[in-house]
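There are 10 protein chains.
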Amino acid sequence: MKKADVKELILSAKKAKGLGWEEIASKIGMSPVWTTSVCLGMNSAPKEKADMLVALLALPEEASAVIQECPNKIWEQAVPTDPAIYRLYEIVGVYGETAKELIHEKFGDGIMSAIDFEMTIEKKENPKGDRVVVTLDGKFLQYRAW
Amino acid sequence: MKKADVKELILSAKKAKGLGWEEIASKIGMSPVWTTSVCLGMNSAPKEKADMLVALLALPEEASAVIQECPNKIWEQAVPTDPAIYRLYEIVGVYGETAKELIHEKFGDGIMSAIDFEMTIEKKENPKGDRVVVTLDGKFLQYRAW
Amino acid sequence: MKKADVKELILSAKKAKGLGWEEIASKIGMSPVWTTSVCLGMNSAPKEKADMLVALLALPEEASAVIQECPNKIWEQAVPTDPAIYRLYEIVGVYGETAKELIHEKFGDGIMSAIDFEMTIEKKENPKGDRVVVTLDGKFLQYRAW
Amino acid sequence: MKKADVKELILSAKKAKGLGWEEIASKIGMSPVWTTSVCLGMNSAPKEKADMLVALLALPEEASAVIQECPNKIWEQAVPTDPAIYRLYEIVGVYGETAKELIHEKFGDGIMSAIDFEMTIEKKENPKGDRVVVTLDGKFLQYRAW
Amino acid sequence: MKKADVKELILSAKKAKGLGWEEIASKIGMSPVWTTSVCLGMNSAPKEKADMLVALLALPEEASAVIQECPNKIWEQAVPTDPAIYRLYEIVGVYGETAKELIHEKFGDGIMSAIDFEMTIEKKENPKGDRVVVTLDGKFLQYRAW
Amino acid sequence: MKKADVKELILSAKKAKGLGWEEIASKIGMSPVWTTSVCLGMNSAPKEKADMLVALLALPEEASAVIQECPNKIWEQAVPTDPAIYRLYEIVGVYGETAKELIHEKFGDGIMSAIDFEMTIEKKENPKGDRVVVTLDGKFLQYRAW
Amino acid sequence: MKKADVKELILSAKKAKGLGWEEIASKIGMSPVWTTSVCLGMNSAPKEKADMLVALLALPEEASAVIQECPNKIWEQAVPTDPAIYRLYEIVGVYGETAKELIHEKFGDGIMSAIDFEMTIEKKENPKGDRVVVTLDGKFLQYRAW
Amino acid sequence: MKKADVKELILSAKKAKGLGWEEIASKIGMSPVWTTSVCLGMNSAPKEKADMLVALLALPEEASAVIQECPNKIWEQAVPTDPAIYRLYEIVGVYGETAKELIHEKFGDGIMSAIDFEMTIEKKENPKGDRVVVTLDGKFLQYRAW
Amino acid sequence: MKKADVKELILSAKKAKGLGWEEIASKIGMSPVWTTSVCLGMNSAPKEKADMLVALLALPEEASAVIQECPNKIWEQAVPTDPAIYRLYEIVGVYGETAKELIHEKFGDGIMSAIDFEMTIEKKENPKGDRVVVTLDGKFLQYRAW
Amino acid sequence: MKKADVKELILSAKKAKGLGWEEIASKIGMSPVWTTSVCLGMNSAPKEKADMLVALLALPEEASAVIQECPNKIWEQAVPTDPAIYRLYEIVGVYGETAKELIHEKFGDGIMSAIDFEMTIEKKENPKGDRVVVTLDGKFLQYRAW
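Heads up: the sequence lines are chains A, B, C, D, E, F, G, H, I and J, in that order.
To convert, take the position in the first sequence, counting from 1, and add 54; that gives the working numbering.
To convert, take the position in the second sequence, counting from 1, and add 54; that gives the working numbering.
To convert, take the position in the third sequence, counting from 1, and add 54; that gives the working numbering.
To convert, take the position in the fourth sequence, counting from 1, and add 54; that gives the working numbering.
To convert, take the position in the fifth sequence, counting from 1, and add 54; that gives the working numbering.
To convert, take the position in the sixth sequence, counting from 1, and add 54; that gives the working numbering.
To convert, take the position in the seventh sequence, counting from 1, and add 54; that gives the working numbering.
To convert, take the position in the eighth sequence, counting from 1, and add 54; that gives the working numbering.
To convert, take the position in the ninth sequence, counting from 1, and add 54; that gives the working numbering.
To convert, take the position in the tenth sequence, counting from 1, and add 54; that gives the working numbering.
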């Protein structure tokens, strides 16, 4: 049993039980983005949370160990085609140099970590059309001089 | 005179005058991300703001018209190599499918616009290491059925 | 059951029943382009239309839920090889910059949405050779300054 | 003098004279899309129209011959990054197979020509947001069996 | 049953019956290049010819409908590796610009159609070594000005 | 002085003198395809022919040595974008496997040489539309078993 | 049964019988490089040699016909990753232009054939470390002028 | 002054003096392949040989230091297009796996070095057509187990 | 049975027995990096060590021969996406030219072998955060002049 | 003045003064790898060290500010071709998965930082051939669960 198998099992169980990602996240006491990424196989969970997922979704017992494994984070499309994902890629292309300038101005030479990192996705209601608000929150890492 | 020329002029004037992006943005009454992206040639400014930039940075007069032009948004590296930009790309790779799932769960079938879109970059102080907080805020666009 | 499975079922049923895409579209009260794209797995349908497709084509009941799912819009050939599709790609290559110029001239800095979007494909009879007329109709989205 | 040089001269003259593409097209009695593509160096013009462009924009005399030359239609980005052009590319990706199905259903095995081809770009006013309407009109070419 | 399945069936039947492509083509009254391309799944045949192929090669009855379907012309190697095919690719690379110059000189701005197109492959005996003679014969298509 | 410089000189002289490729070829007693490819820098000429080209086009004397040099045959677009050249590429994609089958059937295991090779491009008049006829004529090379 | 199936059968039989490539080659009276390439599916063998391979390795009878078929020479890695193969690729990169210069100096404008071609791989003992000696021997092919 | 500048100087001097690569190599007492690769900027020479090249070709004095520098071995075409170089690439593609098998059989797990490496290119006269003989001679390097 | 099959068997056995890579390495008397790379199919082991692995992990007997085979070292992602591996790739990108400069300064023109090569990965405890220490140790190979 | 200009100035001054990287590093009191990477434009230096470099190498005064700027870390070859750099890339390909396994075993789910990172390159003398020892030392960063 591999991450991809567990992902399939989770997606089936989620559909069968009529659960949403936010509901699953709330039941295991974690955030929706992290929980979803674990279920899709792009993050590992600590044993306690993995066991809760297995219980909540009635997965086979061995799924817990698989959920705890360090995933191999592979994406096959260097440039994603799905429009919902491509727009994020486009933002990196259009605003990447801008982000670099502002990070350097505020923090000095370094980067925002993608490892010591949190992310949220929220809905902001708006009469002119609701808005998606994505927040990326990563530790600043300074280049070391040695 | 083209966008790339004006970008060079702005970077030189900024360095010579010892100005920061936040300061420039504040002086023309716009946000730092938008202002920086205009200066780097990845967005166009309305005449009023373009004139203010020209005055503030003592650019040649014709620069204003160039700043108002619709840019040709080209990036040459499909996968960016600079670590500060790559980490953003990596986040799209690792969390893209997760974002898609959560947007669909909260809004239905559609995407976050990268056009009707705002972005901020903030510093969050933290004794364990300051954090970079990037906020993406785009209008939800629903797929039309016809 | 996944989008790809339902696509196969639809193509088989369509052939077995001798139905055309225009006929299917007409029976569910939607346009041919949208209906075809739903059947090929590149768009999701609302429940009512999904149920009508299932009934019309005598698909298994669970196909309706799959047709309602948000698809993962993936195409594997960055440059398509099939001549019928390549010619569309070539038009984007040859006339893309022209389209950009004219959209900016008529609307200002922004784009034609590919999400709030409709498309038709018609046959125009002509004694010198019939013509294919493809119409793209998308909402203009203006870049936001903030 | 090459196509790229003439393109630069045309863009400068157009800006200096405050002309729009539609106005230029109207003055030489041709459509805006074709005229713009000629000016950008992606199509050749017959002598009469080339001379009119040279007169209208006060270009150097030898520009007329260059405008009449068969262009080398090269685009460097297999996947365009500018959002206004990318959305057209995305439409080919999402609806390419659909277009192929409908062309085959209406016409038989063959393609829409990108050579014996016309294109228009129009603005359709709409209280919910104006719309861009792009029309592609190409001769149907049937595969020959021999 | 798909084009790829029918291709396999045809190749097996051809080997079992000891038939050559020229013989098959002659028996259905068509040219060898067109016939081979139909059998390999890269062209569609009219019903009459498809039925003749099915009869000649004793294929299952449903193969005829598949042979009549419009194929999805996909090749996976942008640069082919097999030496027999690569040499054709190399000729396009070395002589492509030359062909463009001569077509424009003889016909004006336009292209040779790859759709309204015929091709032959012949053996020319020669004491210094036999020669392969490939003839491409496509309709000239002139760019339309509108 | 390099091949690219001589190519520019030849194109200028050809335009200034109002010569066509066929006329140039005829004046040096060679075929149009070979002559054009030499002038574009994709083949080398023997001294006698190089000198005739220099005389005919009034090129600087040292151009003759350059025309005799073995060229470095480089093309930068693995998949050509110009439609006149792309159609040739497309023919290789669609009919490459067919050509391979027929060459093997007629000659055994081997290839058509692209070195010991000739090519012609002719115009065939036709009331339904003139046709471009391209002939490739290369020595068959058999794989050696050793 | 295809080339890939026969390759698997040969590799199994070779291992089971404890045979080496040199031994197999010697038993069918051919060179090791050619024999190995035939067994790996990258060359075809004449009937006599194919039958000898089938007998020697006790392959199923129909394998002989497959071994005689013209292979489709496909390699999937444009840049090979295995170090033993990459070093050969690197030599082409580092010494390719040198080889071209020396071939032209010794032979005139043309190439070394990869079809009318032989290759050996030998071990040269050396107290400082044994050496691999690869010899490529191909017919010189001169570009034809016509 | 860089390697590319010295290469240009060497090619000019070689042409002006009417020298061949073999003659140059012989005058500095080294092999033709190594000498040519040094002159083309793909290898460094020891001081003595660099000085001899400078003297022989009457290069400016500072060229000697440049010839002694460690080159940055860069090639821009992952798949070379020039036919003389492509054929070498093709041989790696067709015979790479074969070479790997035979090296492993003769030497064990390891590779032929491309660094501790020599190469010759010879002409072998043959009434049926002269042959190019390329010899690669590299030290066998065994994988270390630790 | 192939390398990939044995890798799967080893990973399963390792999990079932609760063994770590360091423990396995220690039990067969080899280093952890080498042992892991053998188990993952990227190196071959001598018979003695292969037999010890088979015994330790209770693999089927034929696995030993497979572990002794020379592997085909293939990686499919030219640019790895997993962050743990990408960071190593990034280090090559950022510090590659620096490493080249320093190797040349200390050793002369040549390279660090990746074949006669050892590697360790250690944990260095540190109150500010533990550190990963990777050591690469390869024989210097000097370019040969001949 | 940009990073690339300063790099050129430094390389010239270094050659003119006969300094080595280790000597330069020692004179500014930093490590050779970091110092070299700063000089090559791949890292920024604090003001004190930048001023020391300017003084030591007699660079123009404004070079100090450029040396302090945050660099844009771009490498153009996704797969490096120079053998000295390629071998490092190859090590990432061959041992990347191994490194990932061992880092996870020793530290848990996370990565070695390429930002909070140090590197050394040493020469280890050895009678069988000197060895290059490269040490990478980066902080372990654990994936955050939130």
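Source of the hints: derived by calculation from the structure; they are not laboratory data.
Since the model is a prediction, treat every value here as computed from it, not as a measurement.
Among these hints, one or two may not hold up.
To be verified - Label pairs and their calculated CB-CB ranges:
1. A58(A) / L65(D): 32 to 40 angstroms
2. E130(C) / V133(G): 48 to 56 angstroms
3. D59(B) / E116(J): 48 to 56 angstroms
4. E102(J) / Q196(B): 51 to 59 angstroms
5. A112(H) / E130(C): 51 to 59 angstroms
6. A58(I) / E62(E): 38 to 46 angstroms
7. E130(C) / A58(A): 30 to 38 angstroms
8. T174(G) / K101(A): 54 to 62 angstroms
9. Q196(B) / K81(D): 37 to 45 angstroms
10. N180(A) / E62(E): 27 to 35 angstroms
11. N180(G) / K182(H): 40 to 48 angstroms
12. E116(J) / P181(I): 34 to 42 angstroms
As the list claims (entries may be wrong) - In silico DMTMM-like links for lysine to aspartate or glutamate, alpha-carbon gap of 25 angstroms or less:
13. K69(B) / E76(J)
14. K68(D) / E159(C)
15. K61(J) / E130(J)
16. K178(H) / D170(G)
17. K178(J) / E172(I)
Claimed, not checked - With the C-beta cut set under 8 angstroms, the calculated list includes, among others, these residues of chain E facing chain C:
18. M55
19. K57
20. W129
21. Q131
22. V133
23. A168
Glycine residues also receive a C-beta, built at the ideal position from the N, C-alpha and C atoms.
We went through each hint and held it up to the structure:
For A58(A) and L65(D), the hinted distance range of 32 to 40 angstroms is not satisfied, since their beta carbons lie about 52 angstroms from each other. For E130(C) paired with V133(G), a C-beta distance near 21 angstroms fails the hint of 48 to 56 angstroms. A C-beta distance of roughly 21 angstroms is found between D59(B) and E116(J), which places it outside the suggested range of 48 to 56 angstroms. A hinted range of 51 to 59 angstroms holds for the C-beta pair E102(J) and Q196(B), which are about 56 angstroms apart.
At roughly 57 angstroms, the beta-carbon separation of A112(H) and E130(C) lies within the given 51 to 59 angstroms, and the hint holds. Hint check: A58(I) to E62(E), Cβ distance near 27 angstroms, so the stated range 38 to 46 angstroms is violated. Taking the beta carbon of each, E130(C) and A58(A) are about 19 angstroms apart, not inside 30 to 38 angstroms as hinted. A hinted range of 54 to 62 angstroms holds for the C-beta pair T174(G) and K101(A), which are about 59 angstroms apart.
At about 42 angstroms, the beta-carbon gap between Q196(B) and K81(D) stays in the expected band of 37 to 45 angstroms. With their beta carbons about 57 angstroms apart, N180(A) and E62(E) fall outside the hinted range of 27 to 35 angstroms. For N180(G) and K182(H), the hinted distance range of 40 to 48 angstroms is not satisfied, since their beta carbons lie about 35 angstroms from each other. Between E116(J) and P181(I) the beta carbons are some 41 angstroms apart, a value that agrees with the proposed interval 34 to 42 angstroms.
Between the alpha carbons of K69(B) and E76(J) the distance comes to roughly 32 angstroms, so the proposed pair goes past 25 angstroms and is violated. For a cut-off of 25 angstroms, the pair hint linking K68(D) to E159(C) stands: about 12 angstroms separates their Cα positions. About 17 angstroms separates the Cα atoms of K61(J) and E130(J), which keeps this hinted pair within 25 angstroms; it holds. Taking the CA atoms of K178(H) and D170(G), the gap is near 14 angstroms; set against the 25 angstroms cutoff, the hint holds.
Of the supplied pair hints, the one linking K178(J) and E172(I) holds, its CA atoms being roughly 13 angstroms apart against a limit of 25 angstroms. Restraint check, M55(E) versus chain C: the minimum CB separation of about 10 angstroms is more than 8 angstroms; hint violated. The beta carbon of K57(E) comes no nearer than 12 angstroms to any beta carbon in chain C, farther than 8 angstroms, and the hint placing it at the interface is violated. The interface hint given for W129(E) is met, as the beta carbon of that residue sits about 5 angstroms from the closest beta carbon of chain C, less than 8 angstroms.
Checking Q131(E) against chain C by beta carbon gives a least distance of about 10 angstroms; that is not within 8 angstroms, so the hint is violated. Taken as an interface hint, V133(E) does not check out: its beta carbon lies about 12 angstroms from the nearest beta carbon of chain C, beyond 8 angstroms. Among the interface hints, the one on A168(E) holds; its C-beta lies about 7 angstroms from the nearest C-beta in chain C, closer than the 8 angstroms criterion.
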